[in-house]
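Residue numbering for the sequence shown follows this note's numbering, beginning at 12 and increasing consecutively.
Derived from the structure by calculation, the hints contain no laboratory data. Some hints could be false.
Claimed, not checked - In silico BS3-like links for lysine-lysine, alpha-carbon gap of 27 Å or less: (1) K342 x K416; (2) K141 x K237; (3) K61 x K15.
Claimed, not checked - Restraint ranges, calculated between C-beta atoms of paired labels, are given here: (4) D238 x R89: 29 to 39 Å; (5) N368 x K35: 49 to 59 Å; (6) S75 x D408: 45 to 55 Å; (7) N122 x G50: 18 to 28 Å; (8) E313 x A159: 34 to 44 Å.
Built from N, CA and C at the ideal position, the CB exists for glycine as well.
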Amino acid sequence: MIEKNKEYILDIMSQGYEGEGVAKINGTFPVFIQGALVGEKVKVKIIKAKKSYAYGKLVEVLESSSERCTPKCDVYKRCGGCKLQHSTYKSQLDFKYERVKDCIDKIGKLNPDLVMYPLGMNEPWRYRNKVQLPIGLVNGEIKIGFFAERSHEIIDMQNCLIQDDIADKVVELTREWIIKHNIKPYNVDGQYDDSGILRHIMIRRGFITNEVMVVIVTNGDKLPYKDEFVSMISENIPGIKSIIQNINSKPTNVILGLESKTLWGEDTISDYIGEFRFNISPLSFFQVNPIQTEVLYSKALEYAELTGEETVFDAYCGTGTITLFLSKKAKKVYGVEIIPQAIDNAWINAKENNVDNVEFFVGESEVVIPDLINKGVKSDVVVVDPPRKGCDKKLLDAISNIDAKRIVYVSCDPSTLARDLAILDQNGYETKIIQPVDMFPHTAHIENVALLTKK
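Using the sequences and the accompanying hints, generate a full structural model.
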(Lines of atoms letter the chains of each structure in order from A and count residues from 1; the text may use other names and numbers.)
(Lines give C-alpha, C1' and ligand atoms only; values in the text may rest on other atoms or scores of the structure.)
Protein backbone atom coordinates (compact mmCIF):
# COMPACT_ATOMS: atom_id res chain seq x y z
CA MET A 1 0.00 0.00 0.00
CA ILE A 2 1.45 3.36 -1.05
CA GLU A 3 1.86 5.80 1.83
CA LYS A 4 1.29 9.58 1.82
CA ASN A 5 4.36 11.66 2.82
CA LYS A 6 6.64 8.68 2.24
CA GLU A 7 9.58 9.08 -0.19
CA TYR A 8 10.19 6.65 -3.06
CA ILE A 9 12.92 6.21 -5.67
CA LEU A 10 11.16 5.88 -9.04
CA ASP A 11 11.95 5.54 -12.75
CA ILE A 12 9.97 7.82 -15.07
CA MET A 13 8.49 5.72 -17.88
CA SER A 14 6.17 8.15 -19.70
CA GLN A 15 4.45 11.54 -19.57
CA GLY A 16 0.84 12.37 -18.68
CA TYR A 17 -1.41 14.68 -20.68
CA GLU A 18 -0.23 17.74 -18.71
CA GLY A 19 3.43 16.90 -19.29
CA GLU A 20 4.01 15.40 -15.83
CA GLY A 21 6.31 12.41 -15.46
CA VAL A 22 4.64 9.05 -14.83
CA ALA A 23 6.27 6.26 -12.80
CA LYS A 24 4.78 2.96 -11.64
CA ILE A 25 5.21 1.37 -8.25
CA ASN A 26 5.37 -2.42 -8.46
CA GLY A 27 4.90 -2.04 -12.20
CA THR A 28 1.18 -1.25 -11.98
CA PHE A 29 0.42 1.67 -9.64
CA PRO A 30 0.91 5.02 -11.47
CA VAL A 31 2.42 8.05 -9.77
CA PHE A 32 2.25 11.46 -11.49
CA ILE A 33 5.18 13.79 -10.81
CA GLN A 34 5.23 17.36 -12.13
CA GLY A 35 8.68 18.38 -13.39
CA ALA A 36 10.00 14.85 -14.03
CA LEU A 37 11.07 13.71 -17.51
CA VAL A 38 11.03 10.36 -19.28
CA GLY A 39 14.17 8.31 -18.59
CA GLU A 40 14.97 9.95 -15.26
CA LYS A 41 15.43 8.31 -11.87
CA VAL A 42 13.95 10.58 -9.21
CA LYS A 43 13.28 10.80 -5.49
CA VAL A 44 9.60 11.55 -4.94
CA LYS A 45 7.47 12.42 -1.91
CA ILE A 46 3.85 11.24 -2.15
CA ILE A 47 1.54 14.21 -1.56
CA LYS A 48 -1.80 12.65 -2.53
CA ALA A 49 -2.69 8.96 -2.62
CA LYS A 50 -5.85 7.56 -4.21
CA LYS A 51 -6.99 3.97 -4.64
CA SER A 52 -5.67 3.60 -8.17
CA TYR A 53 -3.06 6.37 -8.54
CA ALA A 54 -1.03 8.97 -6.64
CA TYR A 55 0.61 12.38 -7.04
CA GLY A 56 4.19 12.92 -6.02
CA LYS A 57 6.38 15.97 -5.43
CA LEU A 58 9.78 15.91 -7.11
CA VAL A 59 12.38 15.99 -4.32
CA GLU A 60 15.56 15.25 -6.27
CA VAL A 61 16.63 14.18 -9.76
CA LEU A 62 19.04 11.30 -9.23
CA GLU A 63 19.66 10.50 -12.91
CA SER A 64 18.89 13.35 -15.30
CA SER A 65 17.49 13.20 -18.84
CA SER A 66 19.59 14.68 -21.64
CA GLU A 67 16.47 16.72 -22.50
CA ARG A 68 16.41 18.49 -19.12
CA CYS A 69 17.32 22.18 -19.19
CA THR A 70 17.36 25.08 -16.72
CA PRO A 71 14.12 27.11 -16.86
CA LYS A 72 14.68 30.73 -17.89
CA CYS A 73 11.87 32.06 -15.70
CA ASP A 74 12.66 33.05 -12.09
CA VAL A 75 9.19 32.04 -10.82
CA TYR A 76 8.77 28.93 -12.99
CA LYS A 77 8.25 26.53 -10.09
CA ARG A 78 5.61 28.72 -8.42
CA CYS A 79 3.69 30.04 -11.44
CA GLY A 80 1.23 27.62 -13.06
CA GLY A 81 1.74 28.96 -16.58
CA CYS A 82 4.66 27.22 -18.30
CA LYS A 83 4.84 23.66 -17.03
CA LEU A 84 7.41 22.42 -19.57
CA GLN A 85 10.23 24.96 -19.30
CA HIS A 86 12.43 22.32 -17.65
CA SER A 87 12.58 20.39 -20.95
CA THR A 88 14.15 21.38 -24.26
CA TYR A 89 11.82 22.72 -26.94
CA LYS A 90 12.51 19.65 -29.10
CA SER A 91 11.42 17.36 -26.26
CA GLN A 92 8.30 19.48 -25.74
CA LEU A 93 7.34 18.89 -29.37
CA ASP A 94 8.14 15.17 -28.97
CA PHE A 95 5.81 15.02 -25.95
CA LYS A 96 2.97 16.80 -27.80
CA TYR A 97 3.42 14.49 -30.79
CA GLU A 98 3.10 11.41 -28.57
CA ARG A 99 0.15 12.92 -26.70
CA VAL A 100 -1.86 13.51 -29.90
CA LYS A 101 -1.02 10.03 -31.20
CA ASP A 102 -2.06 8.49 -27.89
CA CYS A 103 -5.45 10.26 -27.99
CA ILE A 104 -6.07 9.27 -31.61
CA ASP A 105 -5.20 5.65 -30.79
CA LYS A 106 -6.88 5.15 -27.41
CA ILE A 107 -9.86 7.52 -27.63
CA GLY A 108 -10.50 7.70 -31.36
CA LYS A 109 -9.53 4.07 -32.11
CA LEU A 110 -7.90 5.39 -35.29
CA ASN A 111 -4.45 4.83 -36.78
CA PRO A 112 -1.92 7.01 -34.84
CA ASP A 113 0.30 7.09 -37.95
CA LEU A 114 -2.17 9.65 -39.33
CA VAL A 115 -0.58 12.19 -36.96
CA MET A 116 2.24 14.34 -38.36
CA TYR A 117 5.06 15.81 -36.28
CA PRO A 118 4.06 19.18 -34.75
CA LEU A 119 4.86 22.42 -36.55
CA GLY A 120 6.85 24.35 -33.95
CA MET A 121 8.23 27.88 -33.65
CA ASN A 122 11.69 29.08 -34.67
CA GLU A 123 11.70 31.34 -31.61
CA PRO A 124 9.40 29.94 -28.88
CA TRP A 125 9.62 32.99 -26.58
CA ARG A 126 7.73 36.30 -26.33
CA TYR A 127 5.03 34.90 -28.62
CA ARG A 128 1.84 36.04 -26.85
CA ASN A 129 0.09 39.26 -27.92
CA LYS A 130 -2.15 39.46 -24.83
CA VAL A 131 -1.67 39.13 -21.09
CA GLN A 132 -4.21 39.46 -18.25
CA LEU A 133 -2.74 39.84 -14.77
CA PRO A 134 -4.54 40.00 -11.41
CA ILE A 135 -3.63 42.84 -9.06
CA GLY A 136 -3.60 42.10 -5.33
CA LEU A 137 -2.48 43.15 -1.89
CA VAL A 138 -0.54 40.40 -0.13
CA ASN A 139 0.69 41.05 3.41
CA GLY A 140 0.47 44.76 2.71
CA GLU A 141 2.51 44.56 -0.52
CA ILE A 142 1.22 45.13 -4.07
CA LYS A 143 1.49 42.03 -6.25
CA ILE A 144 0.89 41.89 -10.02
CA GLY A 145 1.38 38.54 -11.72
CA PHE A 146 -0.20 35.16 -12.40
CA PHE A 147 -2.15 32.98 -10.02
CA ALA A 148 -0.27 29.98 -8.72
CA GLU A 149 -1.73 26.72 -10.02
CA ARG A 150 -5.08 25.81 -8.44
CA SER A 151 -5.08 28.85 -6.12
CA HIS A 152 -5.70 32.59 -5.88
CA GLU A 153 -2.16 33.23 -4.66
CA ILE A 154 -0.66 35.92 -6.90
CA ILE A 155 2.91 35.19 -7.98
CA ASP A 156 4.54 38.61 -8.37
CA MET A 157 5.98 39.09 -11.87
CA GLN A 158 8.78 41.36 -13.02
CA ASN A 159 8.83 39.87 -16.52
CA CYS A 160 7.21 37.00 -18.39
CA LEU A 161 9.20 35.40 -21.18
CA ILE A 162 6.22 34.18 -23.21
CA GLN A 163 4.51 37.62 -23.22
CA ASP A 164 5.47 40.58 -25.38
CA ASP A 165 8.10 42.60 -23.54
CA ILE A 166 5.96 45.78 -23.71
CA ALA A 167 3.74 44.12 -21.08
CA ASP A 168 6.64 44.07 -18.62
CA LYS A 169 6.98 47.85 -18.94
CA VAL A 170 3.23 48.42 -18.44
CA VAL A 171 3.25 46.25 -15.32
CA GLU A 172 6.20 48.15 -13.89
CA LEU A 173 4.52 51.53 -14.45
CA THR A 174 1.18 50.29 -13.09
CA ARG A 175 2.84 49.04 -9.92
CA GLU A 176 4.54 52.42 -9.40
CA TRP A 177 1.22 54.26 -9.92
CA ILE A 178 -0.65 52.03 -7.43
CA ILE A 179 2.01 52.40 -4.74
CA LYS A 180 2.40 56.17 -5.23
CA HIS A 181 -1.34 56.86 -4.87
CA ASN A 182 -2.09 54.03 -2.39
CA ILE A 183 -4.91 52.59 -4.53
CA LYS A 184 -6.50 49.52 -2.99
CA PRO A 185 -6.83 46.30 -5.01
CA TYR A 186 -9.98 44.16 -5.01
CA ASN A 187 -7.93 41.05 -4.17
CA VAL A 188 -6.59 41.29 -0.60
CA ASP A 189 -4.63 38.29 0.70
CA GLY A 190 -6.45 35.94 -1.66
CA GLN A 191 -9.93 37.15 -0.69
CA TYR A 192 -12.20 39.53 -2.62
CA ASP A 193 -12.76 42.88 -0.86
CA ASP A 194 -15.74 44.87 -2.16
CA SER A 195 -14.11 48.12 -1.06
CA GLY A 196 -11.11 47.45 -3.30
CA ILE A 197 -10.87 49.10 -6.71
CA LEU A 198 -8.30 47.42 -8.99
CA ARG A 199 -8.86 43.87 -10.28
CA HIS A 200 -6.68 43.22 -13.34
CA ILE A 201 -4.39 44.86 -15.87
CA MET A 202 -4.65 43.62 -19.48
CA ILE A 203 -2.17 44.45 -22.23
CA ARG A 204 -2.64 43.67 -25.93
CA ARG A 205 -0.17 44.43 -28.72
CA GLY A 206 -0.42 44.08 -32.47
CA PHE A 207 2.65 42.16 -33.64
CA ILE A 208 2.53 43.66 -37.15
CA THR A 209 1.11 47.10 -36.36
CA ASN A 210 2.89 47.49 -32.96
CA GLU A 211 -0.29 49.15 -31.65
CA VAL A 212 -0.75 48.75 -27.88
CA MET A 213 -3.92 48.62 -25.77
CA VAL A 214 -3.87 48.86 -21.98
CA VAL A 215 -7.03 47.91 -20.05
CA ILE A 216 -7.39 48.56 -16.31
CA VAL A 217 -10.20 46.43 -14.83
CA THR A 218 -11.99 48.00 -11.85
CA ASN A 219 -14.58 46.98 -9.29
CA GLY A 220 -17.09 49.71 -10.22
CA ASP A 221 -17.00 53.08 -11.98
CA LYS A 222 -14.56 54.67 -9.56
CA LEU A 223 -10.94 55.00 -10.70
CA PRO A 224 -8.94 57.50 -8.61
CA TYR A 225 -5.94 59.23 -10.18
CA LYS A 226 -6.98 58.01 -13.62
CA ASP A 227 -5.55 61.15 -15.28
CA GLU A 228 -2.18 60.31 -13.77
CA PHE A 229 -2.50 56.73 -15.02
CA VAL A 230 -3.35 57.91 -18.53
CA SER A 231 -0.44 60.37 -18.62
CA MET A 232 2.01 57.78 -17.31
CA ILE A 233 1.03 55.14 -19.89
CA SER A 234 0.59 57.47 -22.87
CA GLU A 235 3.95 59.15 -22.30
CA ASN A 236 6.03 56.04 -21.63
CA ILE A 237 4.67 53.16 -23.73
CA PRO A 238 5.79 53.09 -27.39
CA GLY A 239 2.93 52.38 -29.79
CA ILE A 240 0.18 53.10 -27.27
CA LYS A 241 -3.10 53.64 -29.07
CA SER A 242 -5.80 52.78 -26.54
CA ILE A 243 -6.20 53.13 -22.76
CA ILE A 244 -9.45 51.68 -21.46
CA GLN A 245 -11.21 51.18 -18.14
CA ASN A 246 -13.24 47.98 -17.99
CA ILE A 247 -15.83 47.69 -15.23
CA ASN A 248 -16.50 44.36 -13.52
CA SER A 249 -18.42 44.57 -10.23
CA LYS A 250 -19.47 40.93 -10.08
CA PRO A 251 -17.97 38.48 -7.54
CA THR A 252 -16.66 36.21 -10.28
CA ASN A 253 -13.45 34.73 -11.67
CA VAL A 254 -14.39 36.12 -15.11
CA ILE A 255 -11.80 38.81 -15.78
CA LEU A 256 -13.62 41.36 -17.95
CA GLY A 257 -17.00 42.96 -17.41
CA LEU A 258 -19.33 43.95 -20.25
CA GLU A 259 -18.84 47.74 -19.86
CA SER A 260 -15.72 49.52 -21.14
CA LYS A 261 -14.82 53.22 -21.13
CA THR A 262 -12.13 54.61 -23.40
CA LEU A 263 -9.98 56.90 -21.24
CA TRP A 264 -7.54 57.88 -23.99
CA GLY A 265 -7.06 57.20 -27.70
CA GLU A 266 -9.09 54.73 -29.76
CA ASP A 267 -11.65 52.07 -28.81
CA THR A 268 -9.66 49.38 -30.64
CA ILE A 269 -6.24 48.43 -31.90
CA SER A 270 -5.57 46.45 -35.08
CA ASP A 271 -3.34 43.61 -36.20
CA TYR A 272 -2.92 41.24 -39.14
CA ILE A 273 -3.14 37.50 -39.64
CA GLY A 274 -1.64 36.94 -43.05
CA GLU A 275 -3.01 39.60 -45.39
CA PHE A 276 -6.14 40.28 -43.33
CA ARG A 277 -6.44 43.17 -40.89
CA PHE A 278 -8.56 42.81 -37.74
CA ASN A 279 -9.82 45.37 -35.25
CA ILE A 280 -9.42 44.22 -31.66
CA SER A 281 -11.52 45.57 -28.77
CA PRO A 282 -11.06 44.68 -25.07
CA LEU A 283 -13.69 41.93 -25.35
CA SER A 284 -12.69 40.65 -28.81
CA PHE A 285 -11.43 37.11 -29.22
CA PHE A 286 -8.17 37.14 -31.16
CA GLN A 287 -5.65 34.30 -31.27
CA VAL A 288 -2.81 35.09 -28.86
CA ASN A 289 -0.02 33.68 -31.04
CA PRO A 290 -0.37 35.43 -34.42
CA ILE A 291 2.71 33.77 -35.95
CA GLN A 292 1.41 30.24 -35.41
CA THR A 293 -2.18 31.26 -36.11
CA GLU A 294 -1.16 31.99 -39.69
CA VAL A 295 0.53 28.56 -39.85
CA LEU A 296 -2.63 26.89 -38.50
CA TYR A 297 -5.06 28.71 -40.78
CA SER A 298 -2.85 28.22 -43.83
CA LYS A 299 -2.83 24.48 -43.15
CA ALA A 300 -6.65 24.51 -42.83
CA LEU A 301 -6.86 26.32 -46.17
CA GLU A 302 -4.48 23.80 -47.74
CA TYR A 303 -6.58 20.86 -46.51
CA ALA A 304 -9.79 22.46 -47.80
CA GLU A 305 -8.35 22.10 -51.36
CA LEU A 306 -10.41 24.97 -52.70
CA THR A 307 -10.41 25.82 -56.41
CA GLY A 308 -12.68 28.88 -56.38
CA GLU A 309 -15.87 26.97 -57.18
CA GLU A 310 -16.73 25.62 -53.72
CA THR A 311 -19.32 26.65 -51.15
CA VAL A 312 -17.98 26.30 -47.60
CA PHE A 313 -19.66 26.14 -44.17
CA ASP A 314 -17.51 27.52 -41.34
CA ALA A 315 -18.98 26.34 -38.03
CA TYR A 316 -17.92 28.09 -34.80
CA CYS A 317 -16.56 30.90 -36.96
CA GLY A 318 -16.02 33.39 -34.11
CA THR A 319 -15.05 36.80 -35.47
CA GLY A 320 -14.52 35.36 -38.95
CA THR A 321 -10.76 34.85 -38.98
CA ILE A 322 -10.77 31.41 -40.66
CA THR A 323 -13.76 32.50 -42.76
CA LEU A 324 -11.70 35.26 -44.37
CA PHE A 325 -8.79 32.89 -45.03
CA LEU A 326 -11.19 30.48 -46.77
CA SER A 327 -12.76 33.30 -48.78
CA LYS A 328 -9.52 33.75 -50.74
CA LYS A 329 -10.10 30.50 -52.64
CA ALA A 330 -13.80 29.72 -52.18
CA LYS A 331 -16.81 30.80 -54.20
CA LYS A 332 -18.83 31.48 -51.03
CA VAL A 333 -18.29 30.95 -47.28
CA TYR A 334 -21.09 30.83 -44.69
CA GLY A 335 -19.91 31.49 -41.13
CA VAL A 336 -22.00 30.41 -38.13
CA GLU A 337 -21.43 31.46 -34.50
CA ILE A 338 -23.67 31.47 -31.43
CA ILE A 339 -22.25 34.71 -29.96
CA PRO A 340 -23.95 37.79 -31.51
CA GLN A 341 -21.07 40.18 -30.71
CA ALA A 342 -18.63 37.90 -32.51
CA ILE A 343 -20.81 37.93 -35.64
CA ASP A 344 -21.01 41.74 -35.46
CA ASN A 345 -17.20 41.79 -35.46
CA ALA A 346 -17.09 39.25 -38.28
CA TRP A 347 -19.19 41.49 -40.55
CA ILE A 348 -16.93 44.45 -39.71
CA ASN A 349 -13.78 42.42 -40.41
CA ALA A 350 -15.15 41.28 -43.78
CA LYS A 351 -16.10 44.83 -44.76
CA GLU A 352 -12.77 46.35 -43.75
CA ASN A 353 -10.90 43.69 -45.73
CA ASN A 354 -13.14 44.19 -48.80
CA VAL A 355 -14.34 40.56 -48.67
CA ASP A 356 -17.79 40.20 -50.24
CA ASN A 357 -18.13 36.44 -50.76
CA VAL A 358 -18.94 35.66 -47.10
CA GLU A 359 -22.15 35.63 -45.08
CA PHE A 360 -22.57 35.26 -41.32
CA PHE A 361 -25.35 33.84 -39.16
CA VAL A 362 -25.99 33.95 -35.42
CA GLY A 363 -27.10 30.67 -33.87
CA GLU A 364 -26.18 27.08 -33.08
CA SER A 365 -24.35 25.49 -35.99
CA GLU A 366 -26.35 22.28 -35.60
CA VAL A 367 -29.52 24.32 -36.18
CA VAL A 368 -28.39 26.95 -38.69
CA ILE A 369 -26.51 24.65 -41.07
CA PRO A 370 -29.39 22.16 -41.61
CA ASP A 371 -31.68 25.16 -42.10
CA LEU A 372 -29.38 26.51 -44.83
CA ILE A 373 -29.40 23.09 -46.49
CA ASN A 374 -33.21 23.00 -46.39
CA LYS A 375 -33.18 26.37 -48.14
CA GLY A 376 -31.12 24.91 -50.96
CA VAL A 377 -27.57 25.82 -49.91
CA LYS A 378 -25.20 22.95 -50.71
CA SER A 379 -21.71 22.75 -49.22
CA ASP A 380 -18.64 21.14 -50.74
CA VAL A 381 -16.41 21.67 -47.70
CA VAL A 382 -17.17 22.07 -43.99
CA VAL A 383 -14.71 23.66 -41.55
CA VAL A 384 -15.21 23.41 -37.78
CA ASP A 385 -13.19 25.13 -35.05
CA PRO A 386 -15.05 24.32 -31.81
CA PRO A 387 -14.16 25.25 -28.21
CA ARG A 388 -12.22 22.84 -26.00
CA LYS A 389 -15.28 20.65 -25.34
CA GLY A 390 -15.42 19.76 -29.04
CA CYS A 391 -18.42 19.59 -31.37
CA ASP A 392 -21.99 18.91 -30.33
CA LYS A 393 -22.97 15.46 -31.62
CA LYS A 394 -26.00 17.03 -33.31
CA LEU A 395 -23.60 19.13 -35.37
CA LEU A 396 -21.46 16.13 -36.27
CA ASP A 397 -24.57 14.28 -37.45
CA ALA A 398 -25.77 17.35 -39.37
CA ILE A 399 -22.37 17.76 -41.04
CA SER A 400 -22.37 14.09 -42.02
CA ASN A 401 -25.77 14.50 -43.70
CA ILE A 402 -24.53 17.39 -45.85
CA ASP A 403 -22.63 14.95 -48.05
CA ALA A 404 -19.69 17.38 -48.32
CA LYS A 405 -16.54 16.15 -50.03
CA ARG A 406 -14.21 17.25 -47.23
CA ILE A 407 -14.32 18.23 -43.55
CA VAL A 408 -11.50 20.28 -42.01
CA TYR A 409 -11.51 20.03 -38.21
CA VAL A 410 -9.47 22.59 -36.23
CA SER A 411 -9.12 21.61 -32.57
CA CYS A 412 -7.52 22.95 -29.39
CA ASP A 413 -7.91 19.66 -27.49
CA PRO A 414 -6.58 16.29 -28.74
CA SER A 415 -8.97 14.30 -26.55
CA THR A 416 -12.20 15.81 -27.89
CA LEU A 417 -10.75 15.84 -31.40
CA ALA A 418 -10.15 12.09 -31.19
CA ARG A 419 -13.67 11.49 -29.85
CA ASP A 420 -15.26 13.53 -32.65
CA LEU A 421 -13.14 11.96 -35.40
CA ALA A 422 -14.39 8.56 -34.21
CA ILE A 423 -18.00 9.74 -34.52
CA LEU A 424 -17.38 11.16 -38.00
CA ASP A 425 -15.70 7.88 -38.98
CA GLN A 426 -18.86 6.02 -37.99
CA ASN A 427 -20.85 8.58 -39.98
CA GLY A 428 -18.94 7.87 -43.19
CA TYR A 429 -15.95 10.24 -43.13
CA GLU A 430 -12.39 8.94 -43.17
CA THR A 431 -9.60 10.82 -41.38
CA LYS A 432 -6.72 11.32 -43.82
CA ILE A 433 -4.17 13.38 -41.87
CA ILE A 434 -3.81 15.23 -38.54
CA GLN A 435 -1.32 18.08 -38.27
CA PRO A 436 -0.48 19.41 -34.78
CA VAL A 437 0.58 23.07 -34.59
CA ASP A 438 2.37 24.33 -31.47
CA MET A 439 0.57 27.56 -30.57
CA PHE A 440 1.66 27.55 -26.91
CA PRO A 441 5.33 26.63 -26.36
CA HIS A 442 6.35 25.64 -22.81
CA THR A 443 2.78 24.57 -22.00
CA ALA A 444 1.05 21.22 -22.54
CA HIS A 445 -1.48 22.69 -25.00
CA ILE A 446 -1.41 21.74 -28.67
CA GLU A 447 -3.66 22.75 -31.58
CA ASN A 448 -4.46 20.37 -34.43
CA VAL A 449 -5.99 20.52 -37.87
CA ALA A 450 -7.40 17.33 -39.40
CA LEU A 451 -8.62 16.50 -42.92
CA LEU A 452 -11.50 14.07 -43.47
CA THR A 453 -12.96 12.92 -46.77
CA LYS A 454 -16.23 11.23 -47.64
CA LYS A 455 -15.80 7.43 -47.74
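Outcome of the hint check:
no. : hint                    : in the structure
1   : K342 x K416             : 15 Å, holds
2   : K141 x K237             : 22 Å, holds
3   : K61 x K15               : 10 Å, holds
4   : D238 x R89: 29 to 39 Å  : 36 Å, holds
5   : N368 x K35: 49 to 59 Å  : 56 Å, holds
6   : S75 x D408: 45 to 55 Å  : 50 Å, holds
7   : N122 x G50: 18 to 28 Å  : 27 Å, holds
8   : E313 x A159: 34 to 44 Å : 41 Å, holds
Every hint, counting from the list given before, is met by this structure.
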